[in-house]
Amino acid sequence: MYLEALYMQKPPVWVICPAFNEAATIASVVADLRRCRYNVVVVDDGSTDATRHVAASVATALVAHPVNLGQGAALKTGIDYALSQGAEILVTFDADGQHRAEDIARLVRALRQEQADFALGSRRLGQSRNMPFARRVFLFAATLFTVATTGLCLTDTHNGLRAFTRRGASVLSFRQNRMAHASEILTDIAHSGLRYTEVPVTVDYTSYSLAKGQGTADLVMILLDLFARKLHR
Amino acid sequence: MIAQAILSLLLCCVLIYSWAEYRRSPAVALLSFIAGLAGLYFIWMPSHSTQVAEFIGIGRGADLIMYLWVCISLIVLLNLHLKLRSQHEVITALARAIALANAYSATEGARLRSNEHATAKRTPADKALPLSRDASTVDSTLV
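For the protein sequence lines, the chains are H and W, in the order given. If you're matching positions, the first sequence starts at 1 in this note's numbering and goes up one per residue. If you're matching positions, the second sequence starts at 1 in this note's numbering and goes up one per residue.
Bound-form chain H, shown alone (with noise of 0.2 Å):
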């Protein structure tokens, strides 16, 4: 009977980490959603360096691609494995140090307060540190365009770091292996009609998380994998 009103009360929610080669920050980054009282599954996209041996000392679980296969291909390997521990809210979160925990807690409450199956992280609604010019101007064109293919009312497209419920992962396709992926979740948000709902959060850009994030040269590849998928359908 406790224990019933304890899982209402706390549904089990699952932080979803990709990680490739991050074998310097992966450990902090889990210790921090562990401390907060998360499950969290990460997702070693094929690393080199020891990524997989230093997040099996901290995350609940661990899932390794054998072959490096990207970052869509990572979120949906974390999502199928959290679906089938029973989780009810999912967590993506980027594992190179640029989210925060706490923020964690405003997307699932934005969850349940809106009846929405998608919370999704908006750091021009929040505050993003240190962000250099260039990715400004880079994350300014990636939002209209992709306000412009989806339609939907966004401020931030490409943000990391969102929830959604067990529904809203159903009708996640996650085609794009590489970083289109983003922009296909938007796609897919847009066309299943689930409530949607944006929550600032905190991005912090260190020396590290911009040497390892997508220069604006990416954005050239992410328009051509999208094309490409609009041939392919």
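Please note that a few of the clues may not be correct.
Computed cross-link-like contacts, SDA-like style, restricted to lysine to any residue with a CA-CA straight-line distance of at most 25 Å [stated by the list, open to error]:
| no. | chain 1 | residue 1 | chain 2 | residue 2 |
| --- | --- | --- | --- | --- |
| 1 | W | K83 | W | L31 |
| 2 | W | K83 | W | A35 |
| 3 | W | K83 | H | T187 |
| 4 | W | K83 | H | D188 |
Residues on chain W that point at chain H, a partial pick, calculated with CB under 8 Å [as the list claims (entries may be wrong)]:
| no. | residue |
| --- | --- |
| 5 | S18 |
| 6 | Q87 |
| 7 | T92 |
| 8 | A95 |
| 9 | R96 |
| 10 | I98 |
| 11 | A99 |
| 12 | L100 |
| 13 | N102 |
| 14 | A103 |
| 15 | Y104 |
| 16 | A106 |
Derived by calculation from the structure, the hints in this document are not laboratory data. This structure is a prediction, so every number in the text was calculated from the model and none was measured. The beta-carbon is built from N, C-alpha and C at its ideal position, and this holds for glycine as well.
Starting from the known structure of chain H, arrange chain W on it as the hints suggest.
Same frame as chain H, but now just chain W:
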């Protein structure tokens, strides 16, 4: 005459290929069959290609052939790209299945580790697992 013989031989190979390909994808087979036949025709009747070219407003027969060739290669490229994509989807599904089958969870971890120590002799199949707790075997499988 020598060039004509060699080209005819190559185009005959294309015809054989189209015949073999018919069961897998009739559209590709039909296209390559038509292209092969047209090629054979123009090799032995070069003047006709010039007539066709003039009829549709291109200067020379050789130009017509070149334009057609560019179009055909682009279609082949696109087809290859789509094939690669679908193949990559298969690889992704495969890698995901392997990853999920070897998922390591902290609660089961202790049990798994003790099992590992209990079974002193490990089979080669165990060593090939992508998720090994032993650093040395991971390195040997990755490198």
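Would you check whether A106 of chain W satisfies its interface hint, that is, whether its CB is within less than 8 Å of any CB in chain H?
holds, 5 Å
Does Q87 of chain W meet its interface restraint, that is, does its C-beta lie within less than 8 Å of any C-beta in chain H?
Constraint on Q87 of chain W not satisfied, violated at 12 Å.
Interface hint outcome for T92 of chain W [beta carbon to chain H under 8 Å]
Given a least distance of 5 Å, the restraint on T92 of chain W holds.
Using Cβ atoms only, decide whether A99 of chain W comes closer than 8 Å to chain H, and label the hint accordingly.
holds, 5 Å
Next pair to validate is K83 of chain W with L31 of chain W; report whether the Cα-Cα distance is within 25 Å.
holds, 17 Å
Given I98 of chain W was flagged as interface, is its beta-carbon under 8 Å from a beta-carbon of chain H?
Holds. Min distance 6 Å.
Would the pair K83 of chain W and A35 of chain W pass a check requiring their Cα atoms to be no farther apart than 25 Å?
holds, 21 Å
Close enough to count: is the Cβ of Y104 of chain W nearer than 8 Å to one in chain H?
holds, 5 Å
Minimum beta-carbon distance criterion (8 Å), N102 of chain W to chain H:
Holds, because the Cβ-Cβ distance from N102 of chain W to chain H comes to roughly 7 Å (cut-off 8 Å).
Taken at face value, is the distance from the CA of T187 of chain H to the CA of K83 of chain W at most 25 Å?
This hinted pair holds, its Cα atoms lying about 24 Å apart.
When the least beta-carbon distance from R96 of chain W to chain H is tested against 8 Å, hint result
Holds, because the Cβ-Cβ distance from R96 of chain W to chain H comes to roughly 5 Å (cut-off 8 Å).
Does A103 of chain W pass the interface hint, meaning its C-beta sits closer than 8 Å to a C-beta of chain H?
holds, 5 Å
Hint compliance for this structure: hints 5, 6 are broken, all remaining hints hold.
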